[in-house]
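Could you build all of it, start to finish, from the sequences and the hints given here?
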Amino acid sequence: MKRLSLVLALVLFGASFALAQKTVTGTVTDESGEALIGASILVKGTTSGTVTDLDGKYSLSVPEASSTLVFSYTGFNTQEVEVGAQTVIDLVMSEGVSLGEVVVTALGVEREEKALGYAVQQVKGDEVSRSGASNAVDGLVGKAAGIQVTRSSGSVGGGSRILIRGVTSMVGNNQPLIVIDGVRTNNETLLSQASTAGTAASNRLMDLNPEDIESINVLKGAAATALYGTSGSTGVILITTKKGAKQNRLDVNFTSSVGFDNITQMIDLQSEFAQGRPQDGFDYRGSETGESGSWGPRMSELEYATNRDHPNAPGASAFDAEGNYLYDKNGFLVPQGTGNGIPANIYNNVDPFFQTGMTFTNAISIAGGGETATFRLSASDLKATGVIPNEEYERKTVKLASSLSPIEGLTLSGSVNFTKSDYVRVQQGSNTSGLLLGMLRTPVSFDNTNGFSPEDAVDQVSAYQFPDFKQRNYRGGGGYDNPYWTVNNALGFEDVSRTFGNVKADYKFSDWAILGFNIGYDITTDIRKQEFEINSRTNAGGRVQHNEFNTQQYDSYFNLIGSGRLTDDIGLNYLVGANAFSFNNHHTQTRGDQLVFPGFLDLSNATAVSAFEDINRFRSLGFVGQVEVSYQSLLYLTLSARQDYDSRLGDPTDFKLENTGFFYPSASLAFVFSEMINSGGTGFSFGKLRLSYAQVGSPPPNAYSTSSVFVSPSIGDGWGDNIQFPIAGSTGFDQSALLGNPNLTPELSTTLEAGVDLRFLNGRLGLDVTYYRTETKDAILNASLPRSTGYANVWLNSGEMTSQGIEITLNATPIQTNAFSWNTQVNFTKSESIVNKLAPGIERLFLAGFNSAGTYLVEGNQYGAIFGGAYLREQAGTDTDQSLNIPGGQVVINDDPTSSEYGFQAVDPTQRSIGNPNPDFIIGWNNTFSYKRFTLNFLLDWREGGDLWNGTAWALSFFGRSQLTADTRQEAATPIAGVKSDGTPNDIAVTRGRNYWTSSVGGFGAVGEQFVQDGGWIRLREVGLSYSLPAKEWFKGGSIGVSGRNLWFQSDYDGIDPETSLTSTGNGQGFDYFNMPSTRSVIVKLSVNF
Amino acid sequence: MKVINKLILVFAISFAFVGCEDFVGGEINKDPNNPVSVPIIAQMPAIQVAVADVYGGAFSRFNCMLVQQVEGVARQWQSMNQYTGLTPNRFDAAWNNVYENILNELKIAQASARDQGYNHYLGVLEVMEAFTLMNATDVWDDMPYTDALNGAESINPTFDTQSTIYASITNLLDDAIKLFGGAAGGLVPGSEELFLAGDIDAWNRVAHALKARKAMKEDDYSLAMSEAMQAMTSAAGNLAYQYPDASAAGQWYRFNRDRTGDLEFHPTMRALMTDLKDNDRLAAFDQIFTTDHTYMTADFLQELITFREVQFIIAEADFRTAGGTQAGYDAYLAGIKASFDRIGLGQAEYDAYVAQPEIAPGVGNLTLDMILTQKYIAMFLQPEVYSDWRRTGIPALSPTNGTVIPVRWDYSSTEYLFNTNSPSEAEVSIYNDKVGWNR
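Residue numbers (numbering that gives the first Met the number 0), protein chains in the order written: chain A, 0 to 1089; chain B, 0 to 438.
Just so you know, the hints here were simulated from the structure itself, not pulled from any lab data.
Straight-line distance between alpha carbons at most 25 Å, and here's what the computed SDA-like set of lysine to any residue pairs gives:
no.: 1; chain 1: B; residue 1: 106; chain 2: A; residue 2: 792
no.: 2; chain 1: B; residue 1: 106; chain 2: B; residue 2: 157
no.: 3; chain 1: B; residue 1: 106; chain 2: A; residue 2: 652
no.: 4; chain 1: A; residue 1: 469; chain 2: B; residue 2: 289
no.: 5; chain 1: B; residue 1: 433; chain 2: A; residue 2: 895
no.: 6; chain 1: A; residue 1: 655; chain 2: B; residue 2: 20
no.: 7; chain 1: A; residue 1: 469; chain 2: B; residue 2: 244
no.: 8; chain 1: A; residue 1: 979; chain 2: B; residue 2: 426
no.: 9; chain 1: B; residue 1: 106; chain 2: A; residue 2: 710
no.: 10; chain 1: B; residue 1: 106; chain 2: A; residue 2: 722
no.: 11; chain 1: A; residue 1: 528; chain 2: B; residue 2: 244
no.: 12; chain 1: A; residue 1: 655; chain 2: B; residue 2: 21
no.: 13; chain 1: A; residue 1: 123; chain 2: A; residue 2: 76
no.: 14; chain 1: A; residue 1: 528; chain 2: B; residue 2: 257
no.: 15; chain 1: A; residue 1: 469; chain 2: B; residue 2: 291
no.: 16; chain 1: A; residue 1: 836; chain 2: B; residue 2: 152
no.: 17; chain 1: A; residue 1: 655; chain 2: B; residue 2: 35
no.: 18; chain 1: A; residue 1: 979; chain 2: B; residue 2: 401
no.: 19; chain 1: A; residue 1: 979; chain 2: B; residue 2: 398
no.: 20; chain 1: A; residue 1: 776; chain 2: A; residue 2: 621
no.: 21; chain 1: A; residue 1: 979; chain 2: B; residue 2: 423
What follows is a set of in silico ranges between Cβ atoms, one per label pair, in the way DEER data are often shown:
no.: 22; chain 1: A; residue 1: 896; chain 2: B; residue 2: 329; range: 43 to 51 Å
no.: 23; chain 1: B; residue 1: 228; chain 2: A; residue 2: 599; range: 55 to 63 Å
no.: 24; chain 1: A; residue 1: 728; chain 2: B; residue 2: 430; range: 45 to 53 Å
no.: 25; chain 1: B; residue 1: 72; chain 2: A; residue 2: 896; range: 18 to 26 Å
no.: 26; chain 1: B; residue 1: 367; chain 2: A; residue 2: 598; range: 54 to 62 Å
no.: 27; chain 1: A; residue 1: 897; chain 2: B; residue 2: 342; range: 34 to 42 Å
no.: 28; chain 1: A; residue 1: 962; chain 2: B; residue 2: 31; range: 48 to 56 Å
no.: 29; chain 1: B; residue 1: 430; chain 2: A; residue 2: 713; range: 32 to 40 Å
Computed from a predicted model, the values in this text were never measured in an experiment. For glycine and all other residues, C-beta sits at the position ideal for the given N, C-alpha and C.
Laid out in structure tokens, this is it:
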């Protein structure tokens, strides 16, 4: 109740601002008198405004007091008109390019776009909200050049990774800094289980209601982000949220949508061969044998039998007390003609399992403002069910933003955002409880539902469990969890409470001196519980694992800025400021194992309980200065410098402030050369050259890297789960395998950027091209050591990397008539980061993945190369082969007749770089067609190249479940392409059946090369049709629309949608191992304003 | 204006109050959850569990697969069973554990024990080092040792020959025996010493048992005999780690739980035991490898060196030096009996078994083949069986693939990659390059 009355009070408070208003009407036309449709009219300094209708007419209520209206229209000069006493304002707009556009740059400083010597790109909030994505990161796909977004999982509430200009840090964070209303905001992804297993994880920007976003500015290069120092070195996403407008009566917006999600595609599975393997006599082996593979007889050669005297009947333990076969209600399988004549069912355990996910979103906002104060209050509620039964995601947000100007020149403002996010997640990836792992391996002769419909099986315990609590699965209780068991008994729950916001004070002494103070806070509590019921295949004894993460960020800024003209020709802008930042993540885990009885997943039911605490903290201080000098409207020179102090460089045993400090400069130049050209009549309207140089220093990516510590070890060798201290009452400590280094210095990257911005036909056509090159030196990395040193890694300043790329943005309005317009934008991104050097004598560095295929930094290769086993080649490299790339020549065939792999490819003893997960280029093509009140938009997303290791296909080939294995096992024996050891062409004919796919060149073998596939795509990322509702009296208009996300894509990848990442949002990308399939969505949305 | 002045004041105070140095300095960058130093008693349990876990893990699985006690039948283990899958990366975990989790920890703990004069503690640590070094060099032959474990000071440790390492093992064991004979010197191993609860007499016997194990590989049977006579006199003196329960279960239990179906009991061993009518022990071993296996239990007793191994050493050494005396024959039977005891079989089962003349033919009729076959059975899952087979060729085994059973392990892939002083992959053959004592 208290909360409700608070809300009410705030609403009333806001309503009291609803001061005297009046309505201004008018018509907007071009110079020939044609009405301009869709011209935008804004009350200056506010977000309140409208657009002209089909007749060029508009009606807008404006505050009684002196206001200015800003009229803008693509290809026309923006004009400002004082309202004064007028109630009718008709305007004739003249064609021309608008040059006065103001953009928000680093530290919230507003600058004229033409003055910038570096690339920034703005995405409007409604472009994000109309995308239908509930995660603002997903809504950015294709909307700005230089951005790469990868959704990690099709699980509802799964996070996404975003990169600006590829990677810049070798082992540290590479995702951009997120700044909301001037302060840093947490976008971390916290994993509480192994990165290759566990559940999907969120990225915390998902806590932001997309309807609260006014605009997003993407600051790409080091010059653009220099004022943010270290944390801006990966690019900055500046989000400005919606605010109330001064002297505006109450605006109420209500948005409601419903979305429907379905899975996209699945790996090609065979449905021809039953469970079993070649053996004497009958090759079928039923569930009771524990057989893992589908190398049995053809399904068409099998039929059911129930007679236990049948020669192929399984043993007594496969029957219940009544003599019914436990694993199939139809009976056990026998050769055709020997049973009851009912042919074997071919069970589809995959597609019918998935359901239609539903997302319901409702959002309301109330905004207004008076003479001295404004407010905006918004709330939203999202409820989603996944395509996977029992997966859920719920998000509730409340945000209040307000400002007050008690005296002339002083503005106090602040915002409070509260978000509650809840998730129910299902296990995925590389673990025996992983949903797809068990599902896809299940032979077609076994029915995971036990005869129930898939919808019923979710709630039918007898589908997946026997009365004695043993699992009913295709390997007789061993192997992997039955998917229906997993979605009931291996669930993860996450409960995230978060509050973030800022308090800001600005005082304007004069244009020459504006003092600003901004403190931001961001506090997130993430409480998780992962359950594994007794008889889970991952934790047979049962497990409950609680994780609590508490992340606190405080960010404060103190800035003095000013601007003015020194002479008529020379202008000056300056900024001096200081910034203090503090980060603290407190993680505790309590785990209970070996539950006493099933059905009660609680720590009190565990017989072994262990716990740990992990605090990760750092602080930094920065001092910045920036000066911009302009000459006429022709030249703009900006110089900046920053001095940082960062606790992560401090040696706790011998702290010296100077060891934690580092300094770096930047300079940028904008040259508006069109000012020097008489472009009359040529169609050329604007031209600017940009040039910038910037350095940025970075501390170690992790806290505590300057010292070596003892840890409580986890003991094992990777085959079974490790065991953890304390063990039976004993604690234990072990020197960490990672050696600290008290002599670390900051890593330094230097970026050169050049660009050109050209506009033609009064801005109806625009082309922006940027090239950049970043050299990183002294990169801090956890260099690998040979283990004979006693350690695995040491922190060193030794890496070198070169990143370069091109970004092109093409904007055009090819058609603009009174009734119809077409706007199009193409964003092209190409970036490449080459690892030049790691550490002395070290050629590769592990990032993520598996033994058979992992992502590594490999000297001479692009960032994050997929590394693993390869076939032996004629020109077999040795370990002096520095590049570790696959050597030249044909594949060598094993021609040792005594070998069980006679005729198969031979294995290269050296693991090699077998794939590059980085795309060659990314193109986003955005189109908006407007016809009268209808708007149609679509976004094509083309990602060229970028390898993915298809671990799912790798594993399924071993089990004989993939269609590939059904095809190859039926082929006539032919020699595999390659040469024998004497160099002659291979003539050893083999059939690639079970012997092949279970050998060292098959699934689970030593070679990963054959399953590296092109993960590129072309996809219809967004398509939408909306109708704008006309305003009438108290109804201020709105829209109704339907949109689709990810409705179609084309890819050569043989698996699920290649937009996936097993290791979530971390640096090691390019893995698919039984990942959750992605979804396509259709969303119906209504938005109304009062 | 007043407001502004206040704001500036607040800001100035907040910065001055905190101060740059205090804000980013002090203990902010000190890890609050992990200490920079710990006492020996806190290291000891971690080292011992690591020793037991590596021995019962990678060493047991690979060695016992190569001698056909267990068979790789699925996933990665299928190609490893064919030897083709025994690529360097398969040995990474064992190599890493040996150096990083055992030898480096022992080095740190020994330095601390030596500094503080904890002589008995130092002896125990030295015995554990000798034990680990011998296991490692028996499969890897030449390895970094004298130049190893120096962290970033020596990032490319040179390789020592096996004979150098064997000499170091002798020194370590002799030094330990000497220390056990002297004053404890302050801190004595207590309940944190998980193998023998700090029983120094038992540790002394373990040191002799290890010297006996080593002498067998050096073909010095009289030394083996004399050391074996000073070793443990019953299974109570076995060097072993008792895993508590499923929350920290034995290696084989964890493997069978998490990698069900990858390894199973080997048909070779099944045939061998069936021929000997060794039905009771076979029933104990030859079960499907799941968590229900009655020998590979969660609370597994992971033995490192045992009374029964010592008895078979005595029997073999006696046979080789004296041609088979009563003492040797008694030791042979005591070894078999200890094996029955280990599985929980009673006197009746043992009596029935040794009633067979082909098992207990009487003094003078015993053969080397019988001794080593019984040792092979009695030491089911003990990594030392691989050394015995390489040493003696008993039992006779046929390769599962090709013409040769591997005679050593490959080095770890990370050593090949990161140590410029390591040989290259091409220079190491797991089929041809016998380890030093086996050449």
